[in-house]
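Asks: Sequence:
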Amino acid sequence: MNLAKEIFKAYDIRGVVDEGLNVETVRLIGQALGSMAQEAGVSSMVVGRDGRLSGPKLSEALAQGMLDSGIDVIDIGMVPTPVLYFATYELGTGSGVEVTGSHNPPEYNGLKMMIDGTTLSGETIQIIMQRILDGDLKKAAKRGSLSTEPMLERYAQRILSDLKLERPMKVVIDCGNGVAGAIAPQVYRGLGCEVTELFCEVDGNFPNHHPDPSQSENLVDLIKAVQDTGAEFGMAFDGDGDRLGVVTPDGSVIWPDRQMILFARDVLSRNPGAQIIYDVKCSRTLPVAISEAGGEPLMWKTGHSFIKAKLKETGAALAGEMSGHLFFKERWYGFDDGIYAGARLCELLSKLEQSPQDVFTALPDTINTPELRINFAEGEHYAFIEALQAKAKFSDGQVYTIDGVRVDFDSGFGLVRASNTTPMVIMRFEADSQTQLEYIQEKFREQINKIAPALVLPF
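One rule links them: number in this note's numbering = place in the sequence shown (from 1) + 12.
Heads up, a few of these hints could be off.
As the list claims (entries may be wrong) - DSBU-like cross-link-like pairs, simulated, lysine-lysine; straight-line CA separation at most 30 Å: (1) K17 / K363; (2) K182 / K363; (3) K150 / K69; (4) K405 / K462; (5) K363 / K236; (6) K403 / K324; (7) K17 / K322; (8) K17 / K151; (9) K17 / K150; (10) K236 / K176; (11) K182 / K313; (12) K176 / K324; (13) K313 / K405; (14) K154 / K69; (15) K405 / K322; (16) K322 / K403.
To be clear, the hints were calculated from the coordinates, so they are not data collected in a lab.
Kindly generate the complete structure, drawing on both the sequences and the hints.
Replies: Dropping the structure here:
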């Protein structure tokens, strides 16, 4: 068959619906996943979907493929990705797939997959593709059975049974018309928050703004609503509810590496010495804060699948990424969950005497750049990073090559890494002053120019 190989990404499967990602391809993916699950001793899998318009037909095709392989399918309907993960624990399958395009534009969709307690990534996703190409798909003599199971209420009750606020809080939540809107307002009101809802109607056209809280332009409406309502802070979720964005009344965005400082201090107050994982994009102020709070910081490669695998391997209490994926193992399951992370933030802030604005303002901050991006031809961005890893020399910094090239200097850091979702190189710089930022950028410019002198740099 004519399989679009480019949809098989490092963290998940993702593509344009009815082009690379069509009903027949998704059915075959379901059959491949069912085959792999049975080889792992799994007999049933959970299927959920986000609020995209293509979700119903693709989740049905996915389920049909699984049923063909002999797997029993539990359909939990339209739910955020964290609810799918929750269901794999609650229903005892350890295995499931969320049909989601995450924060991509409306014409996209995709699959986030888990088999026997492991989120699929990297080579395992390539194995799915190869099995389809080879026709290595189980066709069962007896098809699996299909059942439905509502999970939203059970998920909400699980959160509310554990988290308690010391006082009521006034918040704004912006679901960006993503599927978080199906449950987030109920969770925060259940906690005791006074909630102003922004774009909480699930609409796969995303008519108001893109559901991606890692981009500051998508937080403008939330900041205005916080200021207009006199709320204590605002929270934004991405299209499938597994990432959190936070804003303050003074209009600041509290990026996830700064959120992580608060979460780490809180978790370490109960778990002294615990390990905390963060990705290569995060501020170097985060590991300092983790160490000061008595924890053990561990830097790891970017990607929700990679972070979850490292969390499982190490037994760390908490992990987080600059993109807004936050993973609580303490008191939770260790999967990324923006709605739960927001609830933990409410609980944490409700216990403090200072206002949330004062708490956020007191967090260590730096001068830093947003993500700077350079487009490459497909595959060439990986070759560029390999060359940089092999040849770059930074005599006055600590070099890390677990994911691209990150160099920590006394005054800041620089990062150049390959995106695993699109053919581009991503750069980020941070320093204690503008002069030091320019110094670090110049060091990187020198090394990049030796490898690719014609490359036009965005700094």
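Asks: Quick check: which numbered hints come out false for this structure?
Replies: Failing hints, ascending: 1, 6, 11.
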